[in-house]
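Chains as they are written, first to last, in my numbering: chain C, 35 to 622; chain P, 35 to 622.
No wet-lab data here; the hints were simulated from the structure. A portion of the hints provided could be inaccurate.
Pairs count within a copy or across copies, as identical chains cannot be separated in the list.
Claimed, not checked - Only pairs whose alpha carbons sit at most 16 Å apart, straight line, appear in this in silico EDC-like list of lysine to aspartate or glutamate: (1) Lys434 to Asp388; (2) Lys459 to Asp486; (3) Lys339 to Glu350; (4) Lys253 to Asp111; (5) Lys339 to Asp349; (6) Lys210 to Glu549; (7) Lys437 to Glu390.
Number of protein chains: 2
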Amino acid sequence: MRGIQHLAVAGLVAGIGLAVALAVPGAGRAAEQPGAKMLEKHKTTPGGQYQPSLDVMKEHPIEQPGSKPGVPTLTADEFQKAKQIYFERCAGCHGVLRKGATGKPLTTKITRELGYDHLKNFITYGSPAGMPNWGTSGQLSDADIDLMVRYLLNEPPVPPEFGMAEMRETWKVLVKPADRPTRKMNDLDLDNLFSVTLRDTGEVALIDGGSKKIVTIIKTGYAVHISRLSASGRYLMVIGRDAKVDMIDLWMNPPQTVAEIKVGLEARSVETSKMKGWEDRYAIAGTYWPPQFVIMDGDTLEPLKIANTRGMTVDEQAYHPEPRVAAIVASHYRPEFIVNVKETGKILLVNYQDIENLTITEIGAERFLHDGGLDSTKRYFLVAANARNTVAVIDTKTGKLAKLVREGIGQTPHPGRGANFVHPKFGPVWATSHLGDETVALIGTDPQGHPDQAWTVVQSLEGQGGGSLFVKTHPKSRNLWVDTPLNPDEGTASSVAVFDIDHLDKPYEVVPVGEMSGLSAGVRRVVQGEYNRDGSEIWFSVWNGKEQESAIVVLDDKTRKLKAVIRDKRLVTPTGKFNVFNTKNDVY
Amino acid sequence: MRGIQHLAVAGLVAGIGLAVALAVPGAGRAAEQPGAKMLEKHKTTPGGQYQPSLDVMKEHPIEQPGSKPGVPTLTADEFQKAKQIYFERCAGCHGVLRKGATGKPLTTKITRELGYDHLKNFITYGSPAGMPNWGTSGQLSDADIDLMVRYLLNEPPVPPEFGMAEMRETWKVLVKPADRPTRKMNDLDLDNLFSVTLRDTGEVALIDGGSKKIVTIIKTGYAVHISRLSASGRYLMVIGRDAKVDMIDLWMNPPQTVAEIKVGLEARSVETSKMKGWEDRYAIAGTYWPPQFVIMDGDTLEPLKIANTRGMTVDEQAYHPEPRVAAIVASHYRPEFIVNVKETGKILLVNYQDIENLTITEIGAERFLHDGGLDSTKRYFLVAANARNTVAVIDTKTGKLAKLVREGIGQTPHPGRGANFVHPKFGPVWATSHLGDETVALIGTDPQGHPDQAWTVVQSLEGQGGGSLFVKTHPKSRNLWVDTPLNPDEGTASSVAVFDIDHLDKPYEVVPVGEMSGLSAGVRRVVQGEYNRDGSEIWFSVWNGKEQESAIVVLDDKTRKLKAVIRDKRLVTPTGKFNVFNTKNDVY
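Chain C with its partners taken away, still in its complex shape (with noise of 0.2 Å):
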């Protein structure tokens, strides 16, 4: 099955993509999703009337804004749990301040345009354009709706700041670096552990990659987005979309947190000093919300520099007050982070070397830059502007923008960090899918021995559908995987794709991942391929309802075939994987 664009998933996938909520229409193609489609897929998608779970901003209060003639008011309680939801389902397209990203603007010059009906109805049947049908979905009540438009009426208050003071209040170092262990305590096989994120239970499992047991269950945010390896391999940095930063040494029987923090009320990314010589020196988190990164020390996550990401666009240098930070990277050709800043499509390479005399690079790419990785050699850096189709490339050596590519990208590329293989043709390449359409486009990555290929669509694979979060192959494998878990339909949300990279040419082969893990409920949006330490074997989540049965289906790589099922009960609503061994090493 192809051709599936239209996409509408908020507040589900956090924890391995962004929120998305897209919607991409190919040529001529809307007509053929009706509404009905869009209704069908909100019924399945997990989770019911809307319940509020986390209330990231209880310990900030956001004053309510003033009112004006002829807008509708809210009371103190309504207000706070309108914030509530808005942060939740809303804010992860539209954004805090609603000025819009991946999502429409609400300003109220925009809202009050549309009124008060329009906005219900808006919120309830949803849009093929991809906004979710909250209302015909069951997620939001009459009620709820009723208090969105509202809410929707006024001015959007603006959450508070988080500096060094708010950081330092959160920070504790639970284990003191003197008081860890010098060698490693475990048996543990570490470069073949995976982290894997537990969405719905704000904790992640370290599974050992050789028994497929569960080594230990650590507490962490909320949907922790990414795992993230110190450059030693002993500490293992995760943070949640609440912005929660832990850090888990590896080295202690079992792995423990030995420090955390709070670096905000919504984040992504987090990323570790990379460069010979700074190894775990450094730790650097960006947030969406306040719009900044802070760098911290890399043995106890101490704040030590707070850097705000609000400034000019790229293309119009107008104003933005909420450029969030996406992916970060650490670079391994010069002391630096790569901080992707996604409504001004700024790429900052900030330099670690003197964080008191801070020296950061802002390279203009485009805007939306949103995910992406390093190519085989790790010079050069990919990063999709998604909601531009755009694929930006930085050179990591001389610290330039090598170029954007656009020709021939799909629509809404989201390469989560994409992936790297030798095309038997093209040579070197890296691949992303796409949320908003069924292709997999292949960039060559190799100026010096492929310069006409460089920074050029090479090949458009077509995969299963839209609705994909990521490919993935690894060195040792000629299989290059295709997950859709965003595929409104279930057969292909539920399956992956599988090319075979010495014959591009031929039709992929689909494995059925979600019937293969031998549950028989749910969605079973199958996400997020990861290869274990050799490549032999590649791990995929199969992602239900928070109330539902998941599991994790390890193929072997070689043969496609099912070599094991993981199946707990702890292991609720899994997501994101990280092998230690490939994360720390860029391998991807």
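With chain C's structure known, arrange chain P on it following the hints.
This is chain P only, laid out in the frame that chain C set:
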């Protein structure tokens, strides 16, 4: 006369210093300054009942915030008027967003606690801590004060942003580079030309240093804050408080404006690239609102790159929404602009080698950076964090903070660009006088030859009193001139002190420049000594109210005697004077 510690001058000196409302009582001195003296002083302030004169925000309407229960409301007309008064009278010290700077914060949390009556009294009578007595001085009527109190009880409106679109709308190339002369077309001795701010008419006068005649009067922005020369000396750049930049071609006959642009709503600083190989390439202007700077083409003022300065304060690392750009100086050691951000206390080294991949090094210094200049070698930059009684020194060669000089600095240093000379005992020093006390601090600037003295106050001279804005000397002079235009004592304000550099232990001589001008009316504030090309003359402005006559007095530097008085009905409120050669070459 000495020891005048209480100063409260707002909105008057923007043409030469930055608007200040300061009072920094020395220990135990507060009692010496009765309220009556404050009243007396404000009565002498030029200007009468408030008359809106500069509606810089007229074209950029600001939306009135919503009302709150229990808070007095304003009609739309009242709001417009109050906003305008606030911008002209209050914003300089309290900040556009009322977060405070030189003045106290005026957030609604604070104003509502203080209440209507307290605020009304405060505005009417002022305070010994530096708040002007707007009521008893007659500058605001009772109705105006009532309006301002109600305005302050409401949320501050946020002025509009001013991005690339707004800048380009105001940008005009009046004479294209191709249409400009290829050689100097006039007979002027450009090196000895003076650009003189005529504050209240929104003009600069170009005055020939030899004949002392006005060559031409050029329409500019309001209250031109500084004049700067391009590295070649051909282009004169001026910036008004209303953020209008004019670029004047001194080769034309007569010199005339060839390009202009408005870069924001309120500004103080303009500069041009001076690094070898980059002469005349770029111009830069920094704004108070919006808090940002813009790099422009050096031939046309075409705006190229805007960078925002909102971010974290240096000490608390708390977000500040309005970090204004104070002094900007061009480096001679790197292709960099040195941009001083006031409220966050950060010195930005903005590298202009590749403005598409703009690199900025952020040096944490001290909050409330204001103005400063280079040492005699041009390697070190010294800048006053005036409200923190600190001078920050940076090494422009290494791009690092050299020292925060605190000990021995007086109350509220205000160096302008400072004054460099060779101290008979301590070698090269840089001097600053103070707004808040009578001292002149001499700081050693020769880490190689005089390492023990480097970046310490080697001597503190005692001048006539507080309220000094500028000290001045010249490489060929042995005089150090100290003005005191803001001193509440009229005799002190209308005279200058001059020290013999070779005998700094001897008492200063008082030169009654105001008297020498021949003017009899007005306070005759004497401000900003400026040397001619060869260092044989020093020029002082004798600055009266807009309706009164002003003058420029030229003294022979050797004899300290009157050489000439420039009086002309076109010379309305002259303040800053900039000799082309000295300004171009950073001779001060």
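Enumerate the violated hints, using their earlier numbering and listing them in ascending order.
-> 4 and 6
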